[in-house]
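Work out the full structure: start from the sequences and follow the hints.
Next come the chains, spelled out residue by residue.
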Amino acid sequence: MLLEVKHVTMRFGGVRALDGISLGVEVGTVHGLIGPNGAGKTTLINILSGVAAPSSGEVRFLDQMIQGLPPHRIAALGMARTFQNIRLFPTMTCLENVIAGQHLVAERPLLPRFLCLPVAARKEKEYRDQAMECLERVGIADQASFLARNLSYGDRRRLEIARALASSPRMLLLDEPVAGMRQRGLRQIGDLVRSLAEEGMTVLLIEHNMGFVMDLCSRITVLSFGRTITTGTPAEVGEHPEVIEAYLGGQENHA
Amino acid sequence: MEFVTHLLAVYGSLLNFIGIQSLLALSLYITLSAGQLSLGNAAFAGIGGYVSGVLSLHYGLSYILALIAGSASAGVVALVIGLPVLRLRGVFLAMATLAFGEVVRIAAVNLTITGGAQGLVGIPNRTKGWMIYLVLAVVCYVVARLRGSRVGWSFATIREDETAAATLGIHTTYYKTLAFVMGAVIAGLAGGMYAHLTFIISPGEFGFSAAVQLLIYNIVGGTRTWPGPILGTVLLIILPEVLRGIGVAAGALRMAVNGLVLLLVILFLPNGLASLFQGGSRQTPKVAPLPREEA
Chain A
1 MLLEVKHVTM RFGGVRALDG ISLGVEVGTV HGLIGPNGAG KTTLINILSG
51 VAAPSSGEVR FLDQMIQGLP PHRIAALGMA RTFQNIRLFP TMTCLENVIA
101 GQHLVAERPL LPRFLCLPVA ARKEKEYRDQ AMECLERVGI ADQASFLARN
151 LSYGDRRRLE IARALASSPR MLLLDEPVAG MRQRGLRQIG DLVRSLAEEG
201 MTVLLIEHNM GFVMDLCSRI TVLSFGRTIT TGTPAEVGEH PEVIEAYLGG
251 QENHA
Chain B
1 MEFVTHLLAV YGSLLNFIGI QSLLALSLYI TLSAGQLSLG NAAFAGIGGY
51 VSGVLSLHYG LSYILALIAG SASAGVVALV IGLPVLRLRG VFLAMATLAF
101 GEVVRIAAVN LTITGGAQGL VGIPNRTKGW MIYLVLAVVC YVVARLRGSR
151 VGWSFATIRE DETAAATLGI HTTYYKTLAF VMGAVIAGLA GGMYAHLTFI
201 ISPGEFGFSA AVQLLIYNIV GGTRTWPGPI LGTVLLIILP EVLRGIGVAA
251 GALRMAVNGL VLLLVILFLP NGLASLFQGG SRQTPKVAPL PREEA
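Quick mapping for you: the protein sequence lines, in order, are chains A and B.
With this note's numbering, the residue at position 160 of the first sequence is 160, and numbering never jumps.
With this note's numbering, the residue at position 23 of the second sequence is 23, and numbering never jumps.
Hints may contain errors.
[Claimed, not checked] Quick list of the computed label-pair ranges, beta carbon to beta carbon: (1) B:GLY116 x A:GLN64: 55 to 61 Å; (2) A:ARG137 x B:MET255: 53 to 59 Å; (3) A:ARG73 x B:LEU88: 17 to 23 Å; (4) A:ARG137 x B:ARG89: 29 to 35 Å; (5) A:THR29 x B:ARG147: 39 to 45 Å; (6) B:MET255 x A:HIS208: 55 to 61 Å.
Simulated from the structure, these hints should not be mistaken for laboratory data.
For each residue, glycine too, the CB sits at the ideal point set by N, CA and C.
Shown next as C-alpha cells:
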C-alpha cells in the first residue's frame with residue numbers, strides 16, 4: 001500500500017464531514033473516489049495533501065504518518081494535487097505556472113545567478129524544456145505564453161495537472177479533472193492518466209462522470225455522508241445495492 | 001563638466017534623498033513581491049539609523065561596522081516580529097507592523113540614548129552620494145537576479161496563491177519571513193546611510209506617513225518589476241520640485257499632488273508606471289485564444 005487511510009474523522013463544529021473513513025491505495029493504480037455531493041471527497045483530498053488536518057485518525061504515505069503535517073512537507077514526500085475550484089497563478093503564463101510547480105525538483109540557486117555563470121543558464125534551459133514537456137503531455141504546449149487567467153475552463157484544468165506533474169510526484173490527487181470537459185477532453189485526460197499509471201505513478205481520482213471513472217479505475221471507493229460504503233472493482237461497485245441507493249435514492253417506505 | 005558640477009551643487013542633496021528613498025522603496029518591494037504588506041519598513045530604517053548613528057556617535061565605531069550593525073539589528077527585529085506573525089495569512093503583518101512602527105517611534109521619542117524628540121544630533125557625515133548609488137545599484141542587481149531563482153519563484157508563487165504554493169512544496173512561512181527580513185535589512189542599511197548623511201535624525205522621519213509614502217512609491221511605480229518602485233520614487237520626489245520651479249508652492253501641495261498621481265495611476269495604470277515601459281509583453285493581458293473545439 002502506498003497510501004493508507006485509517007479511521008479518519010473530520011468534524012466541522014457539530015458536522016462530521018468524514019466519519020471514520022478507511023481506504024488503501026496500491027502503487028501504480030488509478031483509484032477512484034466517488035460519492036454524491038457533500039460526501040466528503042474533497043475534504044479527504046484536503047487532508048491527504050495537508051491543506052486540512054483531520055480531527056482524528058491516521059494517514060500513512062510511504063509508511064510515514066502524514067496526518068496534520070503542513071502541505072509542503074507532504075508535497076516533499078511526493079504527493080501532488082489539483083483543486084476542484086481551480087487554483088492556478090492567474091497573472092503568470094502557462095509555462096510560468098509549471099515552472100512554479102518545479103520548486104521541489106529545480107534548484108535554481110542564487111550564487112550562480114548573481115555571478116551570471118553559464119551553468120545557471122544551461123540548467124535553466126533544461127528546466128524550461130522539462131516544463132514544456134509537462135505542457136505537451138496535457139496538450140496545451142501551444143498556449144505556453146498565454147496568461148493562465150485567459151485559458152478556457154478545460155485548459156485550466158489541464159494546466160493544473162501539468163503544474164502538479166512538474167515535480168514528478170509519486171502520487172497524484174486529481175479533484176474532478178474533467179469537470180466541464182467534452183468528449184475529446186475526456187478521452188485525452190483519460191489517456192494521460194492511463195499513461196501516468198503505466199509509468200508507475202499512483203493516481204487518486206475524484207470524478208462525477210461515472211463512465212470516465214468506471215473506465216479508468218482499477219478500484220473504486222464510494223463515500224456517502226462521510227462514510228465509506230464500499231471499495232471494490234468497478235463491476236463490484238456498480239452492483240452494490242447501497243451504492244445504487246446512495247446515487248438513485250432508496251425505495252421509499254410508506255408506513 | 002561644469003554643468004554637471006553645477007547640477008550636483010544645486011541638486012546634490014535632492015539626488016541623495018532620491019537614492020535613499022529608492023532604497024527604502026525597493027526594501028518594501030521585496031516584501032511585497034512575496035505578497036506581504038509591511039508598514040514597518042520606515043521603522044526598520046529608523047532602527048538602522050538610530051543603531052548605526054548611536055554606535056558611531058557615542059561609541060566611535062567605524063562607518064562600515066556601524067552600517068552593518070544597524071542593518072543587522074533591523075533584520076533581527078524583523079525576524080522576531082515575522083516568525084509568529086507570518087504563520088498567519090492576510091492582514092496580520094500589516095496590522096503588526098503598523099503597531100510596531102508606532103512602538104519604534106515612541107521608543108525613539110522617550111529614550112535618552114536616541115536624543116528623545118529632538119533627535120540624534122551630530123552623527124558624523126560619512127555617506128557620500130556615490131556610496132548611496134553604489135549600494136542602490138547592488139541592491140537593484142540582487143533584486144533583479146532574485147527573480148527567476150528558487151527564492152524569487154517562491155515569492156511570486158506565494159503572492160499569487162498561498163495555498164496552491166504550499167501544495168507545490170513551498171515552505172510558505174519560511175519564504176514569507178525571508179522576504180520580510182530581506183526588506184528590513186535593506187531598509188536598515190538605507191536608514192544607516194541616511195543618518196550618516198544628514199547629521200541629525202529625529203523620530204518623526206520614520207513614522208506612519210513615511211511608511212505609507214514607501215507604499216505609494218511602489219503603487220505608483222508598479223510592484224511587478226524592480227524598476228517600478230524606483231520610477232515611482234523619482235517621480236513623486238521630483239514632481240513637487242518641478243512644480244515649485246513653475247511657481248506652485250510645493251510644500252502645501254505636496255500631499256495633494258501625491259494623492260492626485262496615485263489616483264490617476266490606480267485608475268489608468270493598475271500595474272504602475274513601469275507597465276508603460278514593458279511594451280505590453282507581460283502587463284497587458286493577452287487576447288484569449290479561441291475556444292478549442294472539443295466535440
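Evaluation of the provided hints:
Distance hint check: the CB atoms of GLY116 of chain B and GLN64 of chain A are about 57 Å apart, consistent with the given range 55 to 61 Å. Taking 53 to 59 Å as the suggested C-beta distance range, the pair ARG137 of chain A and MET255 of chain B conforms, at roughly 55 Å. Taken as a hint, the range 17 to 23 Å holds for the pair ARG73 of chain A and LEU88 of chain B, whose Cβ atoms sit roughly 19 Å apart. The supplied range of 29 to 35 Å is met by ARG137 of chain A and ARG89 of chain B, whose beta-carbon atoms lie about 32 Å from each other.
Judged by the Cβ atoms, the range 39 to 45 Å given for THR29 of chain A and ARG147 of chain B holds: they are separated by roughly 41 Å. Between MET255 of chain B and HIS208 of chain A the beta carbon distance is about 57 Å. The supplied range of 55 to 61 Å therefore holds.
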